[in-house]
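Asker: The numbers in our numbering rise by one with no breaks, and the one at position 105 of the sequence shown is 105.
In short, the hints are calculated from the structure, not lab data. This structure is a prediction, so every number in the text was calculated from the model and none was measured. Honestly, I wouldn't trust all of these hints.
Claimed, not checked - Below, a list of computed lysine-lysine pairs in the DSS-like style, where the Cα atoms sit at most 25 Å apart:
1. Lys16 - Lys31
2. Lys13 - Lys31
3. Lys34 - Lys13
4. Lys16 - Lys34
5. Lys84 - Lys16
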Amino acid sequence: AELGQDAETEVLKFCKRWGVSVDSENWLWSKEPKEYETMNEWFCRRFATEHSPERNLGSASVVMPATATVTWFQNVTEMPRILKNDRFTIAGVGIPDYEEYMSHSCALLYLEPADYHCFHMTMAGKIVKCE
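Build the full structure now, drawing on both the sequences and the hints.
Answerer: Here it is in structure tokens:
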């Protein structure tokens, strides 16, 4: 493995550090730790079919492709201006016509540490419009 140990050892170490359950009852992924050949393969892991988001939507109208901590704001102007030690502005993040959104409520999502290196678009589907 790229870190000098076999991938299984590195996967298990990562899971322990970030609180990812390795108990077979709660294992959400398509492969067992011993089946990964590299950490990069682990970082691009897929959900096991029975745990895939598209099979577990219920009646949700909004789907989040990664586990995240969500903080809601009444409007965009209430959002922090510094994230992870970097200053940012709504105008500077690339949202077209951002002025139209300033008075609307919004959410800020922080990736959970256990998901930092996971492929984040785990949903099946087809993009029909992108602006």
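Asker: Determine for every hint whether it applies to the structure shown.
Answerer: Do the hints match the structure? See the list:
no.	hint	result
1	Lys16 - Lys31	holds, 17 Å
2	Lys13 - Lys31	holds, 16 Å
3	Lys34 - Lys13	holds, 12 Å
4	Lys16 - Lys34	holds, 15 Å
5	Lys84 - Lys16	holds, 24 Å
When the structure is compared with the earlier hints, no violation turns up for any of them.
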